[in-house]
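Q: Chain B: place on chain A using the hints.
Protein chains: 2
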Amino acid sequence: MTEPFRVGLLGHGTVGSAFAALLSERSQAIATATSRRPEVSGVLTRSKGDFAEILSGADAVVELIGGIEPAREYAVRTLEAGKALVTANKQLLSQHGDELLAAARASGAQLRYEAAVAGVVPVVRVMRESFAGAHIEKVHGIVNGTTNYILTEMARTGATYEDALGHAQQLGYAEADPTEDVNGKDAAAKMAILARLAFHASVGLVDVPFEGIEAITPDDIDYAKEFGLVLKLLGVAERLDGGVTVRVFPCFIYGGHPLASVVGPFNAVTLESPAITEVTLSGPGAGGPQTASAVLGDVVSVMSSQGMDLDPIEELRFIPGDEVESAFYLHLEVADQPGVLAQIARVLGDNQVSVKSVVQKGMGDNARLVMVVHPVAEGRFNAAVREISKLALMRSAPRSIRVIEEEFTS
Amino acid sequence: MTEPFRVGLLGHGTVGSAFAALLSERSQAIATATSRRPEVSGVLTRSKGDFAEILSGADAVVELIGGIEPAREYAVRTLEAGKALVTANKQLLSQHGDELLAAARASGAQLRYEAAVAGVVPVVRVMRESFAGAHIEKVHGIVNGTTNYILTEMARTGATYEDALGHAQQLGYAEADPTEDVNGKDAAAKMAILARLAFHASVGLVDVPFEGIEAITPDDIDYAKEFGLVLKLLGVAERLDGGVTVRVFPCFIYGGHPLASVVGPFNAVTLESPAITEVTLSGPGAGGPQTASAVLGDVVSVMSSQGMDLDPIEELRFIPGDEVESAFYLHLEVADQPGVLAQIARVLGDNQVSVKSVVQKGMGDNARLVMVVHPVAEGRFNAAVREISKLALMRSAPRSIRVIEEEFTS
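Protein chains in written order, with our numbering: chain A, 1 to 410; chain B, 1 to 410.
Pulled out of the complex, with its shape left as it was, chain A reads as follows:
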């Protein structure tokens, strides 16, 4: 006789109903493996169900409501009751992570959240379990499928940002209100969660500066092709001398970079550590069935194990953005007259910005200068760009985008 494992389900939208269906479909296999049969013991929707009743009748609670309240309250009450919580809620985890983890530690309850980051790509489990023995130096990748789809379309078809976004909305890869996807906030929440796991320290959304892709033009993508560059919205969490940096920004990478081949709505995360060199996980970023599968994986883990979260063991110093070094692509439209390049080169040199490669093209009375500069403290680069923008020879505002320099030739 197999004992039941009772799951209280909060939320019954796309993901919630996909989860309930998948649970029922796979319950026999799970019962064989764990000797307990999972079943949905109660469902809370906007119009039906009582949380206290669902909690008291459940062995674990699955939170798929989204947003902060009442999800936060239900999550905390679940953990305080000593019951496992499985959630896909990245806003909640990135803004109230300390509170949730403290509640879980106090009661010994499990907190699992694979579906909150990178959809079905099991990066949370791999960081918590497989690489618990490794010292992770860097986590970076593509953690927002909507923007990766848009950038892939712009590069493939030459579409404008607006057209590519519209196409993504038609296909269901972007929501009706895509703000938090395209401005980088969604990716920043996910990077806060990953940075917490990587660094065993308190990291929240507030610690993660983010930039989006709304201002990217087809021209940026086109010109960069001359340098063999591909544009991605990257999240980067990295230990550097003297601290850490966690950021989200649009960025060029070389065509041979493993992330360059991650296209469409896919996500990919690379973990770097001396012990493992680097490991990359990739797959579809989200979608109802995929998220439901990640949630079910967490439920099975709750049924069969103790789970594990390291206490925050270090105080982090977040390095100010101005001190972080980056390479940059710089795009200038200038008057086509003698001495222009010299003037710009002088400003860059005065700010210790060193040019790696440059392409100059005439366009009637104007010329276009597209260059890539070597890594330099971002504060210095920005100061140089501010100075350049004031030069009389400038014909439009300078445009700059970060570049990841590593080339992979293996």
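Don't read these hints as lab results, they were simulated from the structure.
It cannot be assumed that every hint is accurate.
For the chain A half of the interface with chain B, some residues (derived, Cβ under 8 Å), not all of them [unchecked claim]:
(1) Thr14
(2) Ser17
(3) Ala20
(4) Ala109
(5) Val120
(6) Val121
(7) Ser130
(8) Leu240
(9) Asp241
(10) Ala275
(11) Glu278
(12) Ser282
(13) Pro284
(14) Leu369
Estimated spans, in silico, between C-beta atoms of each pair [what the hints assert, rightly or not]:
(15) Ser35/B / Gln28/A: 33 to 43 Å
(16) Gly108/B / Ser47/A: 39 to 49 Å
(17) Leu341/B / Gln28/A: 30 to 40 Å
(18) Ala52/B / Glu325/A: 28 to 38 Å
(19) Thr217/B / Gly349/A: 48 to 58 Å
(20) Gly108/B / Ser24/A: 39 to 49 Å
(21) Val359/A / Gly243/B: 52 to 62 Å
(22) Ala102/B / Thr157/A: 55 to 65 Å
(23) Leu341/B / Asp365/A: 43 to 53 Å
(24) Gly49/A / Ala102/B: 39 to 49 Å
(25) Phe318/A / Arg105/B: 15 to 25 Å
(26) Ser35/B / Pro209/A: 28 to 38 Å
Using N, Cα and C, we set each Cβ at its ideal position, and we do this for glycine too.
A: Then chain B, alone, in the frame of chain A:
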């Protein structure tokens, strides 16, 4: 006061000593997370140590001896004693998996073996835990770093197989005796382990036909470039109508395929399931520190959880290779005379082999025909090739290599 967790270590070669060093380096962090402090309580080498004594003083045993005996005996005795076994031994698992799993189930002991497949790439954990809720249809990928390095070098430099192998040996990517790497047997053992996990069924090395890369020539790689094809040694385990197939063979894939960018000594495994679409994991295939990290991850899992293995729940039918459908690249050297293409096309057509693309080039009195044919039952294709090889117009033996047809345009 943190209780110790005593690890008995069998084998103290490259991986064993790297594991002992890593365990000591990370013991504080692990103690914080699990409330137990791992320590090596005994070491068995060829010349020192007594297994019975090590077993009785250990909470878990890490087997890094390799080979079948005495590794098999020690593994079984560990599990029979109800103690957890962590191993990196793919030969043992692929040839005695049923015995080990039965011993583990009988005593309730954990059996973990992440390091046996794809080095540090955590595919075993992901299959056992993250996707325990998914029905996996197909597992395929590059699971041998030595051969991937050799094929990458041949493609990059035009080197012969022998020269690329020598280079791999110099760099430590190939062993002094590379037989089981280059003939596909190492990859076959790993695919047996992955297929067992994917299908929840008994699969052993004996169920996995394998072909290696010893006979690949630079010409094969060169001509295939005209079709945009890249050569990889692939392992494929797949559910098909009426059964499953698990095989290892050299194979062309299109340049846009995600596995095409997996170069050098890296491994990559793609899991496909309706619930997850597809997820790919990639990273360095092996190496002492990487394998040690995977072993340590398993030890931490043993310390913090129950582990889980599904009983074999289905009887598999292994589909005979002749019935499996594949696309092929076919390379023929023929007399350059009228009607040659017609003769060959007739033989192909008689065997229901349909040509997708063909390139013909003169070379003095002879001509070279390079073609790609559509998927067809392998028995039919091989029959056609046997017939062709008997034609008077043939100038050398036909050469054929499988092609994976999927193109990924996102």
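Q: Now look at each hint and say whether the structure bears it out.
A: So, going through the hints one by one against the coordinates:
Taking 8 Å as the C-beta contact cut-off toward chain B, the hint placing Thr14/A at the interface is violated, the least distance being around 14 Å. For Ser17/A, the interface hint is violated, since its Cβ never comes within 8 Å of a Cβ in chain B; the closest pair sits about 14 Å apart. Given the 8 Å rule on beta carbons, the hint for Ala20/A is violated: about 12 Å separates it from the nearest Cβ of chain B. Because the beta carbon of Ala109/A sits about 15 Å from the nearest beta carbon in chain B, more than 8 Å, this interface hint is broken.
At about 5 Å, the closest approach between the beta carbon of Val120/A and any beta carbon in chain B falls short of 8 Å, and the interface hint on this residue holds. Restraint check, Val121/A versus chain B: the minimum CB separation of about 6 Å is within 8 Å; hint holds. At a threshold of 8 Å, the smallest CB-CB gap from Ser130/A to chain B is about 4 Å, leaving the interface hint in force. Restraint check, Leu240/A versus chain B: the minimum CB separation of about 20 Å is more than 8 Å; hint violated.
A least Cβ separation of about 21 Å between Asp241/A and chain B goes past the 8 Å threshold, and the interface hint is therefore violated. Residue-level restraint check for Ala275/A holds (minimum Cβ-Cβ distance to chain B is 4 Å; threshold 8 Å). Interface hint status for Glu278/A: upheld, as the beta-carbon distance to the closest one in chain B is roughly 6 Å, under 8 Å. Because the closest C-beta pair between Ser282/A and chain B is about 5 Å apart, less than 8 Å, the hint holds.
Because the smallest distance between the Cβ of Pro284/A and any Cβ of chain B comes to about 5 Å, under 8 Å, the interface hint for this residue holds. Annotation: Leu369/A was flagged as interfacial toward chain B, and the flag is violated, the nearest CB pair being 32 Å apart, outside 8 Å. Restraint check, Ser35/B to Gln28/A: a C-beta distance of roughly 35 Å satisfies the suggested window 33 to 43 Å. At about 45 Å, the beta-carbon gap between Gly108/B and Ser47/A stays in the expected band of 39 to 49 Å.
For Leu341/B and Gln28/A, the hinted distance range of 30 to 40 Å is not satisfied, since their beta carbons lie about 56 Å from each other. For Ala52/B and Glu325/A, the hinted distance range of 28 to 38 Å is not satisfied, since their beta carbons lie about 57 Å from each other. Taking the beta carbon of each, Thr217/B and Gly349/A are about 53 Å apart, inside 48 to 58 Å as hinted. Judged by the Cβ atoms, the range 39 to 49 Å given for Gly108/B and Ser24/A is violated: they are separated by roughly 28 Å.
One distance hint, 52 to 62 Å for the beta-carbon pair Val359/A and Gly243/B, holds here, with the actual separation near 57 Å. The hinted window of 55 to 65 Å between Ala102/B and Thr157/A holds, with their beta carbons roughly 56 Å apart. Taking 43 to 53 Å as the suggested C-beta distance range, the pair Leu341/B and Asp365/A does not conform, at roughly 59 Å. At roughly 45 Å, the beta carbons of Gly49/A and Ala102/B sit within the given window of 39 to 49 Å.
Checked against the hint of 15 to 25 Å, the pair Phe318/A and Arg105/B fails, with Cβ atoms roughly 49 Å apart. At about 36 Å, the beta-carbon gap between Ser35/B and Pro209/A stays in the expected band of 28 to 38 Å.
Of the numbered hints given earlier, the model fails hints 1, 2, 3, 4, 8, 9, 14, 17, 18, 20, 23 and 25; all others are met.
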